[in-house]
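Novice: Residue numbers (the UniProt record's numbering), protein chains in the order written: chain A, 1 to 70; chain B, 1 to 193.
It is worth saying that the hints were derived from the structure and are not from the lab. Here a beta-carbon is modelled for each residue, glycine too, at the ideal position from N, C-alpha and C. Some hints could be false.
Claimed, not checked - Derived DSS-like pairs: lysine-lysine, alpha-carbon spacing no greater than 27 Å straight-line:
hint: 1; chain 1: B; residue 1: Lys165; chain 2: A; residue 2: Lys36
hint: 2; chain 1: A; residue 1: Lys53; chain 2: B; residue 2: Lys165
hint: 3; chain 1: A; residue 1: Lys34; chain 2: B; residue 2: Lys165
Claimed, not checked - Listed next, with one range per pair, are the computed distances between beta-carbon atoms:
hint: 4; chain 1: B; residue 1: Ser176; chain 2: A; residue 2: Cys22; range: 21 to 29 Å
hint: 5; chain 1: A; residue 1: Lys53; chain 2: B; residue 2: Met127; range: 28 to 36 Å
hint: 6; chain 1: A; residue 1: Lys41; chain 2: B; residue 2: Cys184; range: 38 to 46 Å
hint: 7; chain 1: A; residue 1: Leu14; chain 2: B; residue 2: Gln180; range: 27 to 35 Å
hint: 8; chain 1: B; residue 1: Asp29; chain 2: A; residue 2: Lys41; range: 50 to 58 Å
hint: 9; chain 1: B; residue 1: Tyr179; chain 2: A; residue 2: Tyr56; range: 38 to 46 Å
hint: 10; chain 1: B; residue 1: Leu177; chain 2: A; residue 2: Thr65; range: 38 to 46 Å
hint: 11; chain 1: B; residue 1: Ile49; chain 2: A; residue 2: Ile33; range: 46 to 54 Å
hint: 12; chain 1: A; residue 1: Met68; chain 2: B; residue 2: Tyr179; range: 52 to 60 Å
hint: 13; chain 1: A; residue 1: Met68; chain 2: B; residue 2: Asn133; range: 22 to 30 Å
hint: 14; chain 1: A; residue 1: Thr65; chain 2: B; residue 2: Gln180; range: 46 to 54 Å
hint: 15; chain 1: A; residue 1: Met68; chain 2: B; residue 2: Ser143; range: 22 to 30 Å
hint: 16; chain 1: A; residue 1: Gln25; chain 2: B; residue 2: Glu48; range: 45 to 53 Å
hint: 17; chain 1: A; residue 1: Leu52; chain 2: B; residue 2: Lys128; range: 34 to 42 Å
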Amino acid sequence: MATNSQLVDLAWELGVTAASSCEEQVGQTYVRIKMKLNTGKSLETVLMELSLKQFYDLLHELEKTQNMMK
Amino acid sequence: MNASPNLLFAVVPKPVEQLSKQLQSKMVDPVVLQTLINFSIRYWKGEEICHSEWKNIVKESYFPLTLLEELFSGVLNLIFAVLRIPEKLFSPKCVCDELIQLGFTMEQAKYITNLKTTSKPDTPSFMKLLGANWRIDVTISTSNVCRVLEPWILMEFNLSSEGPKTIHIPLAQFHSLRYQVASCLTQLNKLSV
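Bound conformation, chain B alone:
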């Protein structure tokens, strides 16, 4: 395999070359190949592939372990290369053609190409603030002290994944929060300029 596909690799890695040879010799069972593709996707998402699943596919494929590992390495390299193509450069038809050149069938090539739009890595992300409400409460009296007359700020934050969270902010902390928000806004304005 001398000619290297343009979008996927500048230079075709050895595992992908090995995979291509095996695919073109029609030695690889489509079910085994599909399982390897699914394993690669799960690996990319950060999921673990347990030992028993790997043992099952070794048993089903009738391949020696070393060959199966080489095939998996090739599939993994290929899937990662497809998923790493920048959005602006991604052309489903070109990627499909390159995969067919490597030895995949049309259906398999389309399936891998579609992964680009359907798969997202399981990266942790912060919650988003959807809304906020506030209240200024004046405590008149408590079970411990008769006359208090202390103001508190109650804030309710609506978060994207967790729902509303209510926090009690003493006056001193509220002034500190105001100062931090004002500093943040100043920096934000400097950035936009």
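Isolated chain A (complex conformation):
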């Protein structure tokens, strides 16, 4: 696991796809996360989009980590 970058800032956005050229995407909820990372040399912005399931999986992992830290 790479351990070089540090999380500086995090922003999120919750939305829904109202229409699309690919029909299966219509009505899907998404969570977009924008992270600002300090690589040591520069600040990098990482943008990712998660489906609802992926977001809940991430939340589950973060909660597990929080419990371990307690």
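The hints should help you fit chain B onto chain A, whose structure is shown.
Specialist: Quick look at chain B alone, frame taken from chain A:
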């Protein structure tokens, strides 16, 4: 060399005349000539020929530098003339015959003639749009603002050399894009009429 070949030159340039004299006197080593031809192709493609490569061929050829430079000039003129022949007028047999008349061997003439089909200049070209997908997203909430309800357009362009590129277009910009596309289509229709 008085009679000028028809396809290659209206009037044979002096460097090509000099080259032809040297070829007909069988003074030019085939390996050196091949190297000069390869240098010409690379030059045509925009590649640089480094000083050490040039020094090597001067050493290998045993020619004085001025003579080698004249030979290279002749080969360069010739290669450029072959590659510049328009596709409709290009006849491999005629070009081959003209090269043999100038003093090239059959193999060398065929090699140069084949360059027309195998060599392309390294000209920069734009990427091609292979496909596009779109999505209209409505932002419900963000980390900064509770209720947003703002629509955005997400477009994914599939480009030929780079792969998919995704861009976020605000509504105002999307209307501007629509207007530009419509103007472009109008002009395109006028052209076709």
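Novice: All the hints need checking, so say for each whether the structure fits it.
Specialist: Hint check results:
1. The suggested pairing of Lys165/B with Lys36/A holds, with an alpha-carbon distance near 21 Å, which does not exceed 27 Å.
2. Our distance criterion of 27 Å between C-alpha atoms is met by Lys53/A and Lys165/B, whose separation comes to about 25 Å.
3. At most 27 Å may separate the alpha-carbon atoms for a hinted pair to count; Lys34/A and Lys165/B meet this at roughly 18 Å.
4. Taking 21 to 29 Å as the suggested C-beta distance range, the pair Ser176/B and Cys22/A conforms, at roughly 25 Å.
5. Our hint of 28 to 36 Å for Lys53/A and Met127/B holds, since their Cβ atoms are close to 34 Å apart.
6. At about 42 Å, the CB distance of Lys41/A to Cys184/B agrees with the hint of 38 to 46 Å.
7. In this structure the supplied range 27 to 35 Å holds for Leu14/A paired with Gln180/B, their Cβ-Cβ distance being about 32 Å.
8. Taken as a hint, the range 50 to 58 Å holds for the pair Asp29/B and Lys41/A, whose Cβ atoms sit roughly 54 Å apart.
9. Between Tyr179/B and Tyr56/A the beta carbons are some 41 Å apart, a value that agrees with the proposed interval 38 to 46 Å.
10. The hinted range of 38 to 46 Å is satisfied by Leu177/B and Thr65/A, whose Cβ atoms lie roughly 43 Å apart.
11. For Ile49/B paired with Ile33/A, a C-beta distance near 52 Å keeps the hint of 46 to 54 Å intact.
12. Taking the beta carbon of each, Met68/A and Tyr179/B are about 55 Å apart, inside 52 to 60 Å as hinted.
13. At about 41 Å, the CB distance of Met68/A to Asn133/B disagrees with the hint of 22 to 30 Å.
14. Checking the proposed 46 to 54 Å range against Thr65/A and Gln180/B shows it holds: the Cβ atoms sit about 48 Å from each other.
15. Our hint of 22 to 30 Å for Met68/A and Ser143/B holds, since their Cβ atoms are close to 25 Å apart.
16. Evaluation of the 45 to 53 Å hint for Gln25/A and Glu48/B yields a pass: the beta carbon distance comes to about 49 Å.
17. Separation of Leu52/A from Lys128/B is about 36 Å and conforms to the stated range, judged on CB atoms against 34 to 42 Å.
When the structure is compared with the earlier hints, a violation turns up for hint 13 alone.
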